[in-house]
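S.K.: What follows is each chain in one-letter form.
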Amino acid sequence: MVVPRVWRERVARYRMVGKKCPACGKVYFPPRDVCPTCHRESYGKMEDVELSGRGKVYSYTVVYQNVLGYELQKPYIMAIVEMEEGPRVTGQIVDCRPEDVEIGMPVRAVFRRLGEEGKDGVIVYGYKFVPDL
Amino acid sequence: MVGIVTYGSYIPKYRIRTEEIARVWGDNPERVKKGLRLISKSVPAPDEDTATIAVEAARNALRRRRIDPQEIGAIFVGSESHPYAVKPTATIVAEAIGATPFLTAADLEFACKAGTAGMQAVYGMVKAGMIKYGVAIGADTSQGAPGDALEYSASAGGTAFVIGKENVIAEINHTLSVTTDTPDFWRREGQMYPRHGGRFTGEPAYFYHVLTAARKMMEVMGTEPKDYRWAVFHQPNGKFPLAAAKRLGFTEEQVKKGLVTPYIGNTYSGSMVTGLSAVLDHAEPGDRILAVSFGSGAGSDAFDITVTDEMANYDRNAAPGVWDQIERGEFIDYALYVKFRKMLRMGGDPIA
Ligand SMILES: [Zn+2]
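Line by line, the protein sequences give chains A and B.
First residue of the first sequence? That's 1 in this note's numbering, and the numbers climb one at a time after it.
First residue of the second sequence? That's 134 in this note's numbering, and the numbers climb one at a time after it.
None of these hints come from the bench; they were simulated from the model.
It is possible that some hints are incorrect.
[Claimed, not checked] Cut-off 30 Å, straight-line C-alpha distance, at most; resulting in silico cross-link-like pairs (DSBU-like, lysine-lysine):
id, chain 1, residue 1, chain 2, residue 2
1, A, K74, B, K475
2, B, K472, A, K74
3, B, K146, A, K56
4, A, K119, B, K220
5, A, K119, B, K265
These numbers were taken from a predicted model, which means no experiment stands behind them.
Construct the entire structure; sequences and hints are all you get.
M.R.: In structure tokens, the structure reads:
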């Protein structure tokens, strides 16, 4: 991820700030500029909304491949989380053994390192999920 | 009244036992467990660092009291393990809790007392009327050299305090410091692990500064140990704070609740502040607390604190307490510990 993108997306990634359509009330994350249902009615009127970070596991997979930057975390869990506010968000589930994750499990967002641009590059931070005890 | 408006701590989930470290290095675990009172220590996950710990601690504080982050005028993060050599951790915390852009922020360093130095800075700014709220965080992911005595204690964790004038749950009655040039522990630029003066770390360093700061505080305030319900002293191991308490005339009962190092290790800048956080988790209105940090190099910051009636209206349960987090630990072996702490030379890494 290049520096301008890391910078541009920091608010969404750090605080899970999405957009809410003022016409139909639907919440989008990642944020969208236009509601795909309400089109023109929503244009320029989409409101910032900070998600609570709470949700449930909608689906998940356990990754056993060597993925660059994730060698130390293998095997790791990638999930689609259905957030309290509605949107489905892809994210890693940490502090959880692969055998303990299940569909419907409550999770909450935490702040973690997502990666780095090499040893001398920028560190990318953002949300991951942990089981919500 | 200036004091703590809310507070929160974060301790990584993973732990390693003293026996497991001793097994690898051929040490006698009983010597460490009985002599230094170290049973286990926390280990950060591979995707955790001082910034992530500081953010989680700050968020736990804001869960307990939902102040408007835009009213935070200063954030100071004290640590000796900031993720960047140049690029402040405090900026990452400010962005992550929604406090940007109108605030001042900086990272502080003073071995294990950088977090309390931050508390003093924001306390002064609030008292002077410069800012409404200030956030002081002590957080670390400290490491001792493999096989060194420090490896049994150097751990990870952190605590955040929001200081303000309104809805204060714990009033800071007074704070003072003791500072000298004492080379008990240091790390030179570019070196991976710190070095320490061995036995020199005890009497002229830890005990001189902690005892002098505590005695000076009681002299200034006209108090005695029996006037405090709780006392918290910096905890580089489980033995030093108990010895300091005894020499000052405090009982084990007064320090027990805030003594977390035997289970999570020395979280450095997070150490005394996490002990104080554990005490606040159980404190009741009217309780008086003496809290003294210590940072090698060397110095101590002392705080005389009184829990207010506002504590009764405060939602401590909105975030996990320190002892809740201690009990949630998952133990790993030395091999996983080495991987988590990135002590392995990986393919593509340069020859050191
Ligand atoms: Zn819509």
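S.K.: Checking one constraint from the list: CA of K119/A to CA of K265/B, max 30 Å. Satisfied?
M.R.: violated, 38 Å
S.K.: Holds or violated: K472/B with K74/A, Cα cutoff 30 Å?
M.R.: holds, 11 Å
S.K.: Just to be careful, I want the Cα atoms of K74/A and K475/B compared with a cutoff of 30 Å; is the pair within it?
M.R.: holds, 14 Å
S.K.: Does the alpha-carbon distance linking K119/A and K220/B stay inside the 30 Å limit?
M.R.: Distance of about 15 Å is within 30 Å: holds.
S.K.: Between K146/B and K56/A, is the straight-line Cα distance small enough, at 30 Å or below?
M.R.: It holds: about 21 Å lies between the C-alpha atoms, which stays within 30 Å.
The structure fails to meet hint 5 from the earlier list, while all remaining hints are met.
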